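Novice: What follows is the residue order along each chain.
Protein chains: 2
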Amino acid sequence: MIAEIIATGDEIRSGALVDSNSAYIAEKLEEIGVEVARHSCVGDNMDMLVSVFKEVSARCDIAIVTGGLGPTVDDLTTAAIAKAAGRQLVLDETALRSVEDFFKARNRKMTYSNKKQAMLPEGCKRLDNLMGTAPGFVIKTGRCSFFCIPGVPFEMRRMLSDSVLPEIEKSEHKKRKFCFVKTLSTFGLTESATGEKLVGLSDEFPDIKLGLRAKFPEIHIKLYANGEDEEYLRNVLEKGCEWVLQKIGSRVISSNGESMEAVVARILCDRKETVALAESCTGGLISNRLTNIAGSSEFFLFSGVTYSNDAKMKVLNVLPETLKAYGAVHEETVKQMAARARDVAGATYGLATSGIAGPDGGTDEKPVGALCIGIATSERVKGMRFCFPGGKRLMNKSIFATTALDVLRRELVYDL
Amino acid sequence: MIAEIIATGDEIRSGALVDSNSAYIAEKLEEIGVEVARHSCVGDNMDMLVSVFKEVSARCDIAIVTGGLGPTVDDLTTAAIAKAAGRQLVLDETALRSVEDFFKARNRKMTYSNKKQAMLPEGCKRLDNLMGTAPGFVIKTGRCSFFCIPGVPFEMRRMLSDSVLPEIEKSEHKKRKFCFVKTLSTFGLTESATGEKLVGLSDEFPDIKLGLRAKFPEIHIKLYANGEDEEYLRNVLEKGCEWVLQKIGSRVISSNGESMEAVVARILCDRKETVALAESCTGGLISNRLTNIAGSSEFFLFSGVTYSNDAKMKVLNVLPETLKAYGAVHEETVKQMAARARDVAGATYGLATSGIAGPDGGTDEKPVGALCIGIATSERVKGMRFCFPGGKRLMNKSIFATTALDVLRRELVYDL
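These protein sequence lines map, in sequence, to chains A and B. Numbering follows the numbering used here, in which position 331 of the first sequence is assigned residue number 331; successive positions increment by one, without gaps. Numbering follows the numbering used here, in which position 331 of the second sequence is assigned residue number 331; successive positions increment by one, without gaps.
Some hints here could point you the wrong way.
For identical chains, the list gives no copy identity; a pair is met inside one copy or between any two copies.
Below, a list of computed lysine-lysine pairs in the BS3-like style, where the Cα atoms sit at most 30 Å apart [unchecked claim]:
1) LYS272 with LYS197
2) LYS209 with LYS140
3) LYS104 with LYS115
4) LYS215 with LYS116
5) LYS125 with LYS115
6) LYS215 with LYS83
7) LYS215 with LYS28
8) LYS54 with LYS140
No lab work stands behind these hints, which were simulated from the structure alone. Bear in mind the structure is a predicted one, so any value in this text is a computation, not a measurement.
Chain A on its own, in the form it takes in the complex (with noise of 0.2 Å):
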């Protein structure tokens, strides 16, 4: 099955916007076997795209268009595919209510141009949008099935997930087949050693096919399990990711796509417990990331971001000597740091971050990438020492902010 994917648009032709819908739905389409061969993007020009859609026509099986199908006189991708397949437009009627009842809802008037949304190619099937005004549908020309769904990104994922890839699945060309795949996001280890921690898995279960993916700075690990039985390959998948758990278990974030942040916000929220932060290098990004999870005031009560000596000594009592005598990048200050937090917010942890995240201020002892993590209890406090050589500022930034966040998952699900 030859599939491509094609993304309609002045703002993308024109790289006002970035395009990341067709990254999206090739991911999509690859976790359900689908191998995407193309990505093309055109304008708002009728031309063009009623000779790439013949193009593709003659060339693919499948194809997912997204955009062009609003109610403004440059949305074409309608009228385009119809005059491709040499359609005509028709009154789509069910079309033409579900936009009607979603002005009704809304208590907005429908336009005369929302009515254009309902008129689809003769011949298509209606594909329903849930979460807004354009319908999408598939319609078959050439050897292709044209899958037409709209440019804006959550009406397009909840489409994909809702009809689109379900009608792919039961369609002609593809085979009765099950294709599962299995996403564990993980932290703390490169590409390569964590190639090299799972090395025996294609051995163990040769049916498994194994993919990391570097997402900066976490590397996922892709299971896929393609094949005509169902319950034994849901049964593999499972097994295999039972198998990784136990080779490399406490670096594994989430098997279900949650974020670092989202993790340490569940099981915080999940024990009734809080954290403080004190942070140096970081420089807001932790809380920033904390704040970004809804109902964060349910765990998230201060973050100190005391980027000088001096608010590190007025804002945490950090004690002069101790900058004196250590510097601000070293265990004793972070722990003083993340005591003093927790300390003065009542939360039940406190996690503290300096370190040098360039360009400059690194020096042969501490270099640029030189991190210290500090972390208290009610029962102790924690300093560590980490070093992450050759990253650039904000690459530093994101990868410190991770570690600490990291450091802090791993107390409260491992006691580590």
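Keeping the supplied structure of chain A fixed, place chain B upon it in accordance with the hints.
Specialist: Chain B alone, transformed into the frame defined by chain A:
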């Protein structure tokens, strides 16, 4: 002149990586007056690459190809384009020396596979890579000149501006024509309000084309001037810029692409002044953005991310009676937060935020999107109230942080 962009690589084809290079290139080409007709992306597959290059060579004048120039067996761009053009690969001595120098300068050992990077198609023109090992090249086949450059973003960007764009500007297909663009980053007006303020620009300056681009939460104003008289165009663009500044000067953050935080950082550094923050609803995002700037310890001293009321009282000495009488989201509260953050850190300015980022926590009086900002200087303390209805949590945090930085920027620039 018809132009296309081709991104290569399995990471992009499979969706593991979002292709942001193509959007960047499309924008840069547009700025020199070259409109991109289509983008394509294909994986590391020889047959597919050759077939796409052949198609494109028949329908375009120029194509920018990214990726596939590295040393590994997956890197097929050079061999594929040679095959499509019917050329041999030959050793480019200058390219070899530059790869050797790259390794020598870094004290690293050059491998045999790196030598492969110096093999270029016969008859191509080498494009030097000052940032990495892979040289680029331009080769003409069919009607099309293919500019092949690396996929690593910072290498790609440098080579695009140093070699590719100048080469295109002097190429035979492009009439001796100048295309200038000026971009003004603005904040605080909607796209339509910005458009309304600029009505009259095209009457006043018929040679300037106006473009508005939403780069949430900023709006970018682009002024394009194309023609043959370089001096006249530079002059008219400068006058057009002045016209815009007269209309909405205080909304303009920068006219050279500087970010809001970079502008604030630059002004503070120039004046040897400093800032301390007290962040509630922005949760550390403002300090994170300010500390993304290299050298931020020069001007950024402290942020108290006081998410809980308890932390507001303990760390920032906000009076319990103020919180009781007005609540956390109020001008009086943020005034105390700003003044106290300034005091405790000994900073020139104190800046504070408190608001409702959502999705929960809104009331009729203080709905999701409500924001209070406090700013403290040596002379006065001010409190302000804003409301940004309809946004989601991360959008709200982003627009809250930008609003606060803009309050500081306007205080610095205009004493507003």
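Novice: Could you run down the list of hints and mark each one as holding or not?
Specialist: Going through the hints against the structure:
1. In this assembly of identical chains, LYS272 and LYS197 lie within 30 Å of each other by CA distance neither inside one copy nor across copies; the values are 35 Å within and 52 Å between.
2. When the C-alpha separation of LYS209 and LYS140 is checked against a cutoff of 30 Å, the pair qualifies neither within a copy, at 32 Å, nor between copies, at 41 Å.
3. With identical chains, the CA atoms of LYS104 and LYS115 are at most 30 Å apart within one copy only, with a shortest distance of 14 Å there and 66 Å across copies.
4. Proximity of LYS215 and LYS116 under a CA criterion of 30 Å is satisfied inter-copy only: 28 Å between copies versus 41 Å inside one chain copy.
5. For a Cα distance limit of 30 Å, the shortest separation of LYS125 from LYS115 inside one copy, 18 Å, qualifies, whereas the shortest one across copies, 54 Å, does not.
6. For the identical chains of this complex, LYS215 and LYS83 are neighbours neither inside a copy (41 Å) nor across copies (34 Å), given an alpha-carbon limit of 30 Å.
7. Proximity of LYS215 to LYS28 under the C-alpha cut-off of 30 Å is found in both arrangements, the shortest distances being 16 Å within a copy and 27 Å between copies.
8. Taking the shortest alpha-carbon separations for LYS54 and LYS140, both the intra-copy value of 12 Å and the inter-copy value of 27 Å come in at or below 30 Å.
Checked against the numbered hints above, the structure breaks hints 1, 2 and 6 and satisfies the rest.
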